[in-house]
Structures are given as C-alpha cells and as structure tokens.
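Protein chains in written order, with full-length UniProt numbering: chain L, 1 to 193; chain Z, 1 to 457.
Be careful, since some hints might not be right.
Sample of chain Z residues with no beta-carbon within 12 Å of chain L, all distances over it, derived [what the hints assert, rightly or not]:
(1) R199
(2) H249
(3) D344
Here are a few chain Z residues that face chain L, going by a calculated C-beta distance under 7 Å [said to hold, decoys possible]:
(4) R55
(5) H58
(6) N59
(7) H65
(8) G251
(9) M396
(10) H397
In case anyone wonders, no lab produced these hints; they're calculated from the structure. For every residue, glycine included, the Cβ atom is placed at its ideal position computed from N, Cα and C.
Single-letter residue listing:
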Amino acid sequence: MSREAILAAIKNNQPAYQELPDLSGFSHAGAGDPAAFKKVVESLGGQVFEIASFTEIQPLVAEHYTDLSKVVAIEDAYLPGAATGWQTGDGRQLEQVDLAIIPGQLGVAENGAIWVTEKEMEVRVLPFITQHLALVISKDAILPTMHDAYARIGGPENGFGAFIAGPSKTADIEQSLVLGAHGAKSLTVFIIG
Amino acid sequence: MEHKHQEHAALADTFNANEPRVNWHDETLWWVRQKRDRMAWSLPEWEELREAASRIKHNVLGNLHDYLLEFEKNAVANGAVVHWAADAAEHNKIVLQLLQEQGVKRMVKSKSMLTEECHLNPYLAEHGIEVVDTDLGERIVQLAKEPPSHIVLPCIHKKKEEIGELFHEHLGTPAGNADPKFLTAAARQHLRKEFIQSRVAITGVNFAVAETGEMVVCTNEGNADMGAHLADVHIACMGLEKIIPQRKHLGVFLRLLARSATGQPITTYSSHFRKPKAGQQLHIVLVDNGRSRQLGREDFRNSLKCIRCGACMNTCPVYRRSGGHSYHNAIAGPIGSILAPNLDMKEYADLPFASTLCGSCSNVCPVKIDIHQQLYKWRQVITKEGYTGKTKAAGMHAMNIVLSKPGLYKTAGGVGRWVMRTFPAVVNNGMNPWYKQREMPAPPKDSFADWYKKNRK
Chain L
1 MSREAILAAI
11 KNNQPAYQEL
21 PDLSGFSHAG
31 AGDPAAFKKV
41 VESLGGQVFE
51 IASFTEIQPL
61 VAEHYTDLSK
71 VVAIEDAYLP
81 GAATGWQTGD
91 GRQLEQVDLA
101 IIPGQLGVAE
111 NGAIWVTEKE
121 MEVRVLPFIT
131 QHLALVISKD
141 AILPTMHDAY
151 ARIGGPENGF
161 GAFIAGPSKT
171 ADIEQSLVLG
181 AHGAKSLTVF
191 IIG
Chain Z
1 MEHKHQEHAA
11 LADTFNANEP
21 RVNWHDETLW
31 WVRQKRDRMA
41 WSLPEWEELR
51 EAASRIKHNV
61 LGNLHDYLLE
71 FEKNAVANGA
81 VVHWAADAAE
91 HNKIVLQLLQ
101 EQGVKRMVKS
111 KSMLTEECHL
121 NPYLAEHGIE
131 VVDTDLGERI
141 VQLAKEPPSH
151 IVLPCIHKKK
161 EEIGELFHEH
171 LGTPAGNADP
181 KFLTAAARQH
191 LRKEFIQSRV
201 AITGVNFAVA
211 ETGEMVVCTN
221 EGNADMGAHL
231 ADVHIACMGL
241 EKIIPQRKHL
251 GVFLRLLARS
261 ATGQPITTYS
271 SHFRKPKAGQ
281 QLHIVLVDNG
291 RSRQLGREDF
301 RNSLKCIRCG
311 ACMNTCPVYR
321 RSGGHSYHNA
331 IAGPIGSILA
341 PNLDMKEYAD
351 LPFASTLCGS
361 CSNVCPVKID
371 IHQQLYKWRQ
381 VITKEGYTGK
391 TKAAGMHAMN
401 IVLSKPGLYK
411 TAGGVGRWVM
421 RTFPAVVNNG
431 MNPWYKQREM
441 PAPPKDSFAD
451 WYKKNRK
C-alpha cells in the first residue's frame, strides 16, 4: 500500500526538526482602521456604506440595484419581505438569486477581506452563486491584519468558512480586469456602528 | 513510453520568431512583477514575513511525516476520506475510480497544477470522462488544446483576438468580438451550466492545515466554490508539501500569496474546507509523485517550500522572453526548472540551463527558496550524470584541459587571438553559439599576463 511506503520514504528523507518561528511580533493589540478597510474594499471593486441601523439597508439597496427580482437576506431585519424558504435543497435552488445579504464575522483592514462561515451563509454556495453579494459587518469587528483575524477566529467552529475580498474577478484575458467571473458580480459592504 | 520533445532553446526559438509578441509577453509579465513590488513595499514587515514563511515551511519539511499523520487523522475525523498516491498514475487511478463509482461522464475542475503534473485530463478522456476546467484562463487553453503556460496566468501567452476566435468556435460568440468583458460574461454563462449540472468537482489545494484537517483553496473567480459546493462529491487533490502546521500560519501565507502572485492584497476567495456539507462526500488525494525523493535531496529540498505564486516566473528574464511552453513541463519558469529534473532528470536536463542565474527569482520568492543556486547545483548534477548535450559536454571537456594547463592556456590564447584577428569569419558565424544575437568582441593584442608583466610596478 502506498501510504506506508510514502510515509517511510518521508521519515527517511526529512531534514532535522527546526522550531516554528514566533509570530507574536506580527499581531496588533488595537482595532483596525475602518477608513483603510473601506479604501481597500473600494480598490477591489466593491462599494462600502457606513450605516447606523439595519433600516438603512433597504433604501440603499433600492437606490443602487435596479432589476432585482429575487433577494435573499439572512437576517429579516436587513430587508423585510425578502425571499423565504430558500435554505432547502442542494444549493441549485439558489441559481436565480440576484442579491444575497449576509452578515460577516469580521473584516481585515489590510486587505478588505471579510470572514464568513456557513453559520452566517446557511447554504454554502449562496455567496458564490448569487449575482450580487452584500456583506454586513460591525464597525468594531474590523481588525488590522490577517494575524489578528486568525487570533480572533480561533479554531474552526464550522465545516466551511471563507475570507471574501471584493467581487469575483478575472484578468485572464490579456490582463484586463473584469468583475464577475463565476462568483458575485458586485460586492456591497454595509458597516454598521 | 518513447516520445521526443524539443529542448527549451529550440522551443524558445519558435516563440521568439514573433518579436512583437515576445515584447508584449515580456512587458505584461513585468507589469505583474511591478504590481508585486508595490504590494511588497507597502508592508514594512515584508522581509520578516518571508523569513517567517520560510521557517514555517522548514519546520514542515523536518516534521512532514508527523504532520501528514496529524492532517489525516483530523481530516478523517471531519468526515473526509483520505487517499494516498505514490505517483501520477496512482493519483489518476484513484480519481477515475471515484468518478466511475458515481457513474459520471463529465465533471468540473478548478485550477490544480497537480492534476496538470499528473496529466489527469487526458487520462480521464481516455476512459470516456470529460473534464471541464473552470478557471477562465484554464478553460481557454483547454479549448485551444494547450497546456497552461503559467501557473497563475494560464493563458498569458494568448491575445484576446485568439480567445475571441476560440469562443466563437466553441461557445458560439459572434465572430470578431474580442472584448474581454463580453468574453468573460460568455464564459460565465457557459460554465454556470456546467457547475449546475456537475455532480463531482475536483479542486486543488493551496494549504492544508495539520492541526484542523482543513484545506484552503484560493481563487479570484469563485470557481472552486461554485464547483465544490454544488457537487455531491468533492475531490481535493494535493501534493504532500501543501501541509502547514497550524491555522494561525495561514495568516502568514495568505498575506504573501496573492501579493507575490498578482499584486493583490489577497485573493477574492480564500475558502476553508473542513467538513463535507450534509449528504456530500469529501475525498482528499495526497500525492507524492517524487516529493519524498526531493525531500531527501539536501540541495533541492527547499523547492518543496514553494507556494506556487508564480513570482519567480514573472521576474525571470528568460521565462518572460521564451514563454511558458518552452519549458515543456506543467510548471514552467525557474521553480519548474528545479522541480522537473526531480521527476525525470534526462527528460528535463535542459531546464536548469534555461536561466541567467541572475538571482531575481530568489529575490522575489515569498518563502525564500534559493532558486538560482539550486538551478546552478542541478547543472552540476546533470552534467555529472551525463545528461548534458554532446556539444556542451565536449566543450566543457576541452575547456577543462585548457584551463588546467597554464602552458597550453597561454598558447591557446595566443592562437585564439591571432585567429580572431586574422580570420574573423571563423568565429563570426552561425556555428558559434556566442555569435547569436551579438557581435564577437575585438581580440586584444596582448594577453592579460603580458599586460600585467609590462605594467606591474
């Protein structure tokens, strides 16, 4: 069986053990800068709105998205009257979703990434299959760097989680940046607080 | 299996036949390299991050046996099935069997250089299964029946007009439309159908965490997620060296990867797959294919630290001007030229010589692999093993004789200078490789030794 042969070859060939480096020097004690976060998200092709309460989401959505027929919101408070019953199925039932509004756990100021797990997205494929994506995060959940993000997240609490930074994009055709490859064509971030 | 391929120099000659195309290729990659520089310079701790990444990977190499077992244990506890493949053939067999169990004839795959290395697509095609590559660049080269020419930018060698033509032929887009936005939208529609219909999805793996048994897959397009979350069966194929010890180490690698690759602060999606979703199967195929052997080669084991960002290719003066296909290997460029001779020293004996040894690759490597030094070392190993070309071997042999005998060296130098002065055509012709693309220098009247005798005080 290959497993034993491979493991034996590795054991035989691996170099002397070397200690792991100390990463504590990369960590920050304080919060991340929301202005820096906003700037990066915008540079990635996303748009950011700072809001004081969830009630501001609906008018902003109405203003910035025309032609939405199916909207899915994880929290009823985000968008009263959004579609219901979409959680049932293998994911293919979400093919026609135009906009999904999902809470994010935290944002990273250095790169605009937002951590979302399957607890927030409920159906794993939702943030990817939707035509447009909106993520809602709390202002005090913005952290400086990825090191701080992993320190906050800790061990994995779910089967799936993703850092999402901006809309889906590609530059495979002559390096021309095009938004909307396979995932969401646009990303809106609502920062609340 | 007997097959003949052309060597790097000959393949580069073909690429070089179209000079404007070469200049365009060169400039495009240099532009990506510059984006990388701006990103690197924007982080004051960049060098510390590289050092940390290199040391984490060194720890991995020194403890790989235990980390693999830890990863396997945790992955199984998470509900995944772990397979071990000694080589490409076994990897392909495992994947085929999983597909046959599902009874599928067509499936989606997101970018995985490992499956390229194993030549999975043609193998599955032989067994009646069609693989649809879903990364846009990979789909383009797949339609063109070509391998990727770059590990991050698979169709960097193609002009948009050529892509427009391919899409016209295969996807029915209007003839003559070469607008990247339009073509990307057409590919999105075409591939959505494939994602929705596919019951099996293959993905690569960027990082596998021993501590948690999870895998991280990074894409900008979201194709890995579209495939893996919609399918009933997710097959993740990974080289053994993708293991990292703990989750917190992802902080270091995710900061380095996209910045080094494309000059982005992070990829759009960095997805952490730990457990299969309800009702789904998750299979992980751990592939050796020469990696354990490379681990035992002290001079070359650092190449296993590679995180496949492609920075060494983007900066390489040879890669930029010779194109990825001239490396006749799944992984082109400087790092590919170190990895390939480990797979087959004879087949890839030419690749470590396809370098200026300028060291630019080592300077940009986010995990501090001593790439140019390893290329230099491979040249010595390959020459000792007798895999260099006859002309080069004869030349080296003659040089050895001349350079090791001072008297002979002096005489030969005199004769050489006289011949170059008297019959310049003897050296200024196409038979002389040093004459290609340059004039030979005018021979000095005296040797350095004569000059030194006259001028020393």
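Do the hints match the structure? See the list:
For R199/Z, the non-interface assignment is contradicted: its Cβ lies about 10 Å from the closest Cβ of chain L, within the 12 Å cut-off. Separation of H249/Z from chain L is inadequate, the least Cβ-Cβ distance of about 8 Å not exceeding the 12 Å criterion. Against the 12 Å criterion, D344/Z stays outside the reach of chain L, whose nearest CB is about 18 Å from its own CB. Taking 7 Å as the C-beta cut-off, the interface hint given for R55/Z holds, the closest approach to chain L being about 4 Å.
A hinted interface residue such as H58/Z counts as satisfied when its beta carbon comes closer than 7 Å to some beta carbon of chain L; here the least separation is about 5 Å, so the hint holds. The interface hint given for N59/Z is met, as the beta carbon of that residue sits about 5 Å from the closest beta carbon of chain L, less than 7 Å. Restraint check, H65/Z versus chain L: the minimum CB separation of about 4 Å is within 7 Å; hint holds. Restraint check, G251/Z versus chain L: the minimum CB separation of about 4 Å is within 7 Å; hint holds.
For M396/Z, the shortest C-beta to C-beta distance to chain L is roughly 31 Å, which exceeds 7 Å, and the interface hint is violated. Restraint check, H397/Z versus chain L: the minimum CB separation of about 34 Å is more than 7 Å; hint violated.
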